[in-house]
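With the sequences and hints as input, model every part of the structure.
There are 2 protein chains.
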Amino acid sequence: MTKTLAEIAQILNNSNNIYILTHRSPDGDTLGSGYGLCLALQKMHKNAKVLNSDNISKNFLFMKEYVIEQEFEPELIVSVDLADTILLGEKLSVYKDKIDICIDHHKSRYEFAPINYIEPDSAATTEIIYLLLTEMHIEITRDIANCLYTGLATDTGCFKYNNTTVRSFLIASSLMNLGAECSKINRIMFDTKSRERLELEKTVLQNIKFYYNNKVAVVYYTKNMVEEIGATDDDTAGIASIPNQIEGVLVGVTMKEDKERSGYKISLRSSGSVDVSKICETFGGGGHKNASGAFIGKPLEEARETIIAEIGKQLELY
Amino acid sequence: MTKTLAEIAQILNNSNNIYILTHRSPDGDTLGSGYGLCLALQKMHKNAKVLNSDNISKNFLFMKEYVIEQEFEPELIVSVDLADTILLGEKLSVYKDKIDICIDHHKSRYEFAPINYIEPDSAATTEIIYLLLTEMHIEITRDIANCLYTGLATDTGCFKYNNTTVRSFLIASSLMNLGAECSKINRIMFDTKSRERLELEKTVLQNIKFYYNNKVAVVYYTKNMVEEIGATDDDTAGIASIPNQIEGVLVGVTMKEDKERSGYKISLRSSGSVDVSKICETFGGGGHKNASGAFIGKPLEEARETIIAEIGKQLELY
Numbered sequence: 001m002t003k004t005l006a007e008i009a010q011i012l013n014n015s016n017n018i019y020i021l022t023h024r025s026p027d028g029d030t031l032g033s034g035y036g037l038c039l040a041l042q043k044m045h046k047n048a049k050v051l052n053s054d055n056i057s058k059n060f061l062f063m064k065e066y067v068i069e070q071e072f073e074p075e076l077i078v079s080v081d082l083a084d085t086i087l088l089g090e091k092l093s094v095y096k097d098k099i100d101i102c103i104d105h106h107k108s109r110y111e112f113a114p115i116n117y118i119e120p121d122s123a124a125t126t127e128i129i130y131l132l133l134t135e136m137h138i139e140i141t142r143d144i145a146n147c148l149y150t151g152l153a154t155d156t157g158c159f160k161y162n163n164t165t166v167r168s169f170l171i172a173s174s175l176m177n178l179g180a181e182c183s184k185i186n187r188i189m190f191d192t193k194s195r196e197r198l199e200l201e202k203t204v205l206q207n208i209k210f211y212y213n214n215k216v217a218v219v220y221y222t223k224n225m226v227e228e229i230g231a232t233d234d235d236t237a238g239i240a241s242i243p244n245q246i247e248g249v250l251v252g253v254t255m256k257e258d259k260e261r262s263g264y265k266i267s268l269r270s271s272g273s274v275d276v277s278k279i280c281e282t283f284g285g286g287g288h289k290n291a292s293g294a295f296i297g298k299p300l301e302e303a304r305e306t307i308i309a310e311i312g313k314q315l316e317l318y
Numbered sequence: 319m320t321k322t323l324a325e326i327a328q329i330l331n332n333s334n335n336i337y338i339l340t341h342r343s344p345d346g347d348t349l350g351s352g353y354g355l356c357l358a359l360q361k362m363h364k365n366a367k368v369l370n371s372d373n374i375s376k377n378f379l380f381m382k383e384y385v386i387e388q389e390f391e392p393e394l395i396v397s398v399d400l401a402d403t404i405l406l407g408e409k410l411s412v413y414k415d416k417i418d419i420c421i422d423h424h425k426s427r428y429e430f431a432p433i434n435y436i437e438p439d440s441a442a443t444t445e446i447i448y449l450l451l452t453e454m455h456i457e458i459t460r461d462i463a464n465c466l467y468t469g470l471a472t473d474t475g476c477f478k479y480n481n482t483t484v485r486s487f488l489i490a491s492s493l494m495n496l497g498a499e500c501s502k503i504n505r506i507m508f509d510t511k512s513r514e515r516l517e518l519e520k521t522v523l524q525n526i527k528f529y530y531n532n533k534v535a536v537v538y539y540t541k542n543m544v545e546e547i548g549a550t551d552d553d554t555a556g557i558a559s560i561p562n563q564i565e566g567v568l569v570g571v572t573m574k575e576d577k578e579r580s581g582y583k584i585s586l587r588s589s590g591s592v593d594v595s596k597i598c599e600t601f602g603g604g605g606h607k608n609a610s611g612a613f614i615g616k617p618l619e620e621a622r623e624t625i626i627a628e629i630g631k632q633l634e635l636y
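Keeping their order, the protein sequence lines are chains A and B.
Every letter in the first sequence is one number past the one before it in this note's numbering, and letter 314, counting from 1, is 314.
Every letter in the second sequence is one number past the one before it in this note's numbering, and letter 118, counting from 1, is 436.
Simulated from the structure, these hints should not be mistaken for laboratory data.
Just so you know, these numbers come straight off a predicted model, no measurement behind them.
Glycine residues also receive a C-beta, built at the ideal position from the N, C-alpha and C atoms.
Any given hint might turn out to be false.
Claimed, not checked - With a cut-off of at most 20 Å between alpha-carbon atoms, the simulated EDC-like pairs for lysine to aspartate or glutamate come out as follows:
| no. | chain 1 | residue 1 | chain 2 | residue 2 |
| --- | --- | --- | --- | --- |
| 1 | B | K533 | A | D191 |
| 2 | A | K202 | B | E393 |
| 3 | A | K49 | A | E119 |
As the list claims (entries may be wrong) - Listed next, with one range per pair, are the computed distances between beta-carbon atoms:
| no. | chain 1 | residue 1 | chain 2 | residue 2 | range |
| --- | --- | --- | --- | --- | --- |
| 4 | A | K289 | B | F528 | 38 to 46 Å |
| 5 | A | I86 | B | E545 | 30 to 38 Å |
| 6 | B | K616 | A | E90 | 57 to 65 Å |
| 7 | B | N532 | A | E119 | 26 to 34 Å |
| 8 | B | K616 | A | K58 | 35 to 43 Å |
| 9 | A | K58 | B | K520 | 22 to 30 Å |
| 10 | B | K533 | A | G230 | 16 to 24 Å |
| 11 | A | G248 | B | S343 | 42 to 50 Å |
So this is what it looks like as structure tokens:
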């Protein structure tokens, strides 16, 4: 059932022991939503805690340090930024049938909780949490503002992506006014590269190949490369956006070796009208029009030829 | 003399033939301010034109296409985003004593016009033009909004830099509401790299060196490298931000060969407390605390040793 934010605010106001669940491989938005809400509830002298399946990447650890660790049994379980209970991850999967309220902004999703507040036009779930806290008449402190700003900035690529709305800017303005340390957070999120990330970028730029009159750019990295560099998952995140940033490129392809499955995970990025989800669907993958993925169980050269051929077919349509 | 925006609005309202001067090597803010204001004046059936000393880089050409080319003698000359008349460039230097109104946001500057509106806390001059057009009760069309947004986004690094204010977000929100095509503009300004730029990045990443326990990172590029790649000034812009983005680096150094002067232009970038302007001042250069420049008239190795030694002295203070 869909409830209004006012109704959800009331339920939260009436509960004293609240668990907040984030999605696996937690990002800035699920953590910003979780810790922002948790902090607000703790300020109201309620018991509240954020539960994560996976470790928090070091860029986001500052949010965890804002809250007090509390041990208690929950009377209410809320999920934030969780599109599907499968995304709870292994550790939190025990809660998959126990979520009372689901707060989210994902478009493609199913209802797994009795109470839902889903706003697909919201750039980030932290936008919704901002509105919820306003509805609850909770003072948004600097720390809460930092959490909410982190979600908003990371999910919009610092207001660069086309999910940014008039309201995103208004909320950003309000959060900055409330003390959010925007430029400090931006520096951590957007202007800091690890040495390992730098090495990985050098490596993939060395092997970049262009096809179809430079309309398609392809990079790859193997498990060996990652291990030699000592790169972590944090370091590999976002590599897929590199080939699509090159001028004139309509489809950017990033191939990541999956040794266990003897093949390559393919990430496609496009800008404008090319629908890469259709290309990925032919390999049993999928995603969005401008960002999709698939798996091809072949060695490097063959996998590359296979995906390039399929992209060629699709490009003919444009 | 400093006037209020209302007074400047009135002067513009009473003038019918207006020249708008931008600064040399025109960037998004001077052009966005110039064409935004020009469009507004032309909509009021006035004669207005933007004058640039140098060619407009292709990313910004769309703004020029919004205005009608008009030939007329000026009765009023306005400069936008111009901190010093020396920055008019060669072609516009004839106007250096003829500027009637100066609208700008630069901090270190001298007054060269009889009428001034300087707001150093404004993230971009287009913020001031936005307020001016509001004061003039001019409808901000989609095209004007695109110009103003371009200046705001480019001068704030898409709201990433610490010059971004609560008002910047509010104005961005308003411009988007007025139809500014933000994500299209962002894609052009921030997510598009030329092949030449990509090659230049590969080249400088190959020669990166670290000093002082990885607190200082140094890259360089020579005139030969630039010529071999075929890189333009557009392609070299922003290279200086690369070394400072690496985790743990306190000072990022970029050395660009200046063959005519037999040496290297040094760009220093720092984050946080290290004041690189002091380092540059010892070589007769200068700038801001976190972004400064100087020239060292020595060959590569010697120039590098010289700047590294000076940075070492400064780092001891932290």
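Q) Which numbered hints turn out to be false for this structure? A) The structure breaks hints 2, 3, 5, 7, 11; every other hint is satisfied.
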